[in-house]
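Participant: In the order they appear, the protein sequences are chains F and Y.
74 is the number that this note's numbering gives to position 74 of the first sequence; each next residue is one higher, with no gaps.
Every position in the second sequence, counted from 1, becomes a number in this note's numbering once 190 is added.
Hints in this document: simulated from the structure, not taken from any laboratory.
Where hints are given, some of them may not hold.
To be verified - The calculated lysine to aspartate or glutamate pairs, modelled on EDC-like cross-linking and capped at a C-alpha distance of 16 Å, are:
{"no.": "1", "chain 1": "Y", "residue 1": "289", "chain 2": "Y", "residue 2": "301"}
{"no.": "2", "chain 1": "Y", "residue 1": "276", "chain 2": "Y", "residue 2": "195"}
{"no.": "3", "chain 1": "F", "residue 1": "71", "chain 2": "Y", "residue 2": "283"}
{"no.": "4", "chain 1": "F", "residue 1": "131", "chain 2": "Y", "residue 2": "246"}
{"no.": "5", "chain 1": "F", "residue 1": "181", "chain 2": "Y", "residue 2": "434"}
{"no.": "6", "chain 1": "F", "residue 1": "181", "chain 2": "Y", "residue 2": "366"}
{"no.": "7", "chain 1": "Y", "residue 1": "370", "chain 2": "F", "residue 2": "64"}
{"no.": "8", "chain 1": "F", "residue 1": "183", "chain 2": "Y", "residue 2": "366"}
{"no.": "9", "chain 1": "F", "residue 1": "135", "chain 2": "F", "residue 2": "185"}
{"no.": "10", "chain 1": "F", "residue 1": "190", "chain 2": "Y", "residue 2": "434"}
{"no.": "11", "chain 1": "F", "residue 1": "131", "chain 2": "Y", "residue 2": "366"}
{"no.": "12", "chain 1": "Y", "residue 1": "225", "chain 2": "F", "residue 2": "20"}
{"no.": "13", "chain 1": "F", "residue 1": "131", "chain 2": "F", "residue 2": "20"}
The structure presented is a predicted model; accordingly, all values stated were derived computationally and were not measured.
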Amino acid sequence: MIELKYPFDENQIRALKAGDAVSITGPVHTGRDKFHKWFADGNPIAVDFRDGALYHCGPVIVKDGEGWAVKAAGPTTSVRENPYEPAFIAKSGVRIIIGKGGMDAATLAAMKKHGCVYVQAVGGAAAVAAKALQKVVGVSYLKEFGAAEACWHFDAVGFTGVVAMDAHGTSLFAKVAESSKRKLDEILAK
Amino acid sequence: MTIVDKIVGLIRETSSSLPEDVEKAIKAAYRKEEKGSAAATVLKTILDNCALARREQTPLCQDTGTLTFFVDASLRRKVTPAVLKKAVARATELGYLRKNCIDSITGYSYDDNCAEGAPVVHYVDRPEGSSSQRDPVVTLILKGGGSENMSRQYSLPDATLGAGRDLAGVRKCILDAVQKTQGYGCAPGILGVCIGGDRATGYEVAKEQLLRPLDEKASARGLSNRSNNQTIDLARLERQLLDEANSLGIGPMGLGGKTTLLGLKLATRPRVPASFFVTVAYMCWAARRRSMRM
Chain F
1 MIELKYPFDE NQIRALKAGD AVSITGPVHT GRDKFHKWFA DGNPIAVDFR DGALYHCGPV
61 IVKDGEGWAV KAAGPTTSVR ENPYEPAFIA KSGVRIIIGK GGMDAATLAA MKKHGCVYVQ
121 AVGGAAAVAA KALQKVVGVS YLKEFGAAEA CWHFDAVGFT GVVAMDAHGT SLFAKVAESS
181 KRKLDEILAK
Chain Y
191 MTIVDKIVGL IRETSSSLPE DVEKAIKAAY RKEEKGSAAA TVLKTILDNC ALARREQTPL
251 CQDTGTLTFF VDASLRRKVT PAVLKKAVAR ATELGYLRKN CIDSITGYSY DDNCAEGAPV
311 VHYVDRPEGS SSQRDPVVTL ILKGGGSENM SRQYSLPDAT LGAGRDLAGV RKCILDAVQK
371 TQGYGCAPGI LGVCIGGDRA TGYEVAKEQL LRPLDEKASA RGLSNRSNNQ TIDLARLERQ
431 LLDEANSLGI GPMGLGGKTT LLGLKLATRP RVPASFFVTV AYMCWAARRR SMRM
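Excised from the complex, chain F in its bound form:
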């Protein structure tokens, strides 16, 4: 398990390889559909993502006294942000994108160019994800985007995942899709 600590160093991020298991400690901000659309519409980003981490996630958050508590925070499917992500990576300086299912070739190219990796969180494992995210530090765009789509700010400790797309241009998803198709053809030819 490779430990990644904020601020995420470009050289360390670039050295990661698809398949590496990582543990992330530091600020993690959620952002999904409305956030990406907002960015694409030319609005300024109120969150500092430089050398930081973006999480495709719509967490279950409940009011806890004056603050908030996170109950469940598994990843949401990332492909929906494909049209926006290359520009977001270029502009924001984000180093780690956490999500589910991977992203397209244009995003992979942007990751290679700017030094960013995609970390696959475990789909469905909402309880451990919530535990690692620890507590809600703050929230942006709550009024504009609603609770499920707002940018929630967490201070994660040991959030685990697997590097599925690295900054060398390798996507584990593409590799596995290809090799499994080859294997299937092989089995069926028998």
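Based on these hints, arrange chain Y on the given structure of chain F.
Facilitator: Just chain Y now, kept in the frame of chain F:
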């Protein structure tokens, strides 16, 4: 304890605790993978997640899914749809279920997870004099959207797959479904398959297969072709297809690995000569199902 209380308990248990056989299968899959590999990391996270959710009685996945109840028919008067709705509303209030039910067109949220047709309730007839008839149960399955989106139905012959109206064609459909799904339904998953039937029956029977314990073998009866005096061993076919599916190397969350499926369950239904459907229901690793004696 009222019946509503009991059903609320069933919902809590189902949402927070994976069935023993499924967890056992995930543990076995974990032992097969190399330490430190992507597959081992994912499986370890899943196992940690299951332990944590069980201990804290919180939903083990945030998508608490479509609720489907199978109620033994002898309980029809006691466990009514109204009783079940009351329990679902309370379980939602208590946080065992996410607010997860919206109007299909307007997107309006039914905040108690109850509406016409939600939860789904089936009353099941048991054979006269059987033990299940003497000791009736209520069974609940929670199936999330990510896995439901990966279920599919084939109609044979299928020219693109080169799948004809025979067992070889059926095999092609099932393995194609596994390859196309990759890790997107939250692998390692479970396949429930119905060979035959009409379209609606196909989906219903395929989903019912997901209720079977992973170690339960299929009966050989289904596929016997009497006129040809030919019997096909469904249990053997289940094992063969499971091995073939796992040899594809898709692995947990599609990151590569030895276990793509935890189980594969087959059933057959008679069909009309003009139709030949193969229906595949995909269930994620978070296969939340549970039965309770009333």
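Participant: Honestly, which of those hints from before does the structure not fit?
Facilitator: 7, 9, 11, 13
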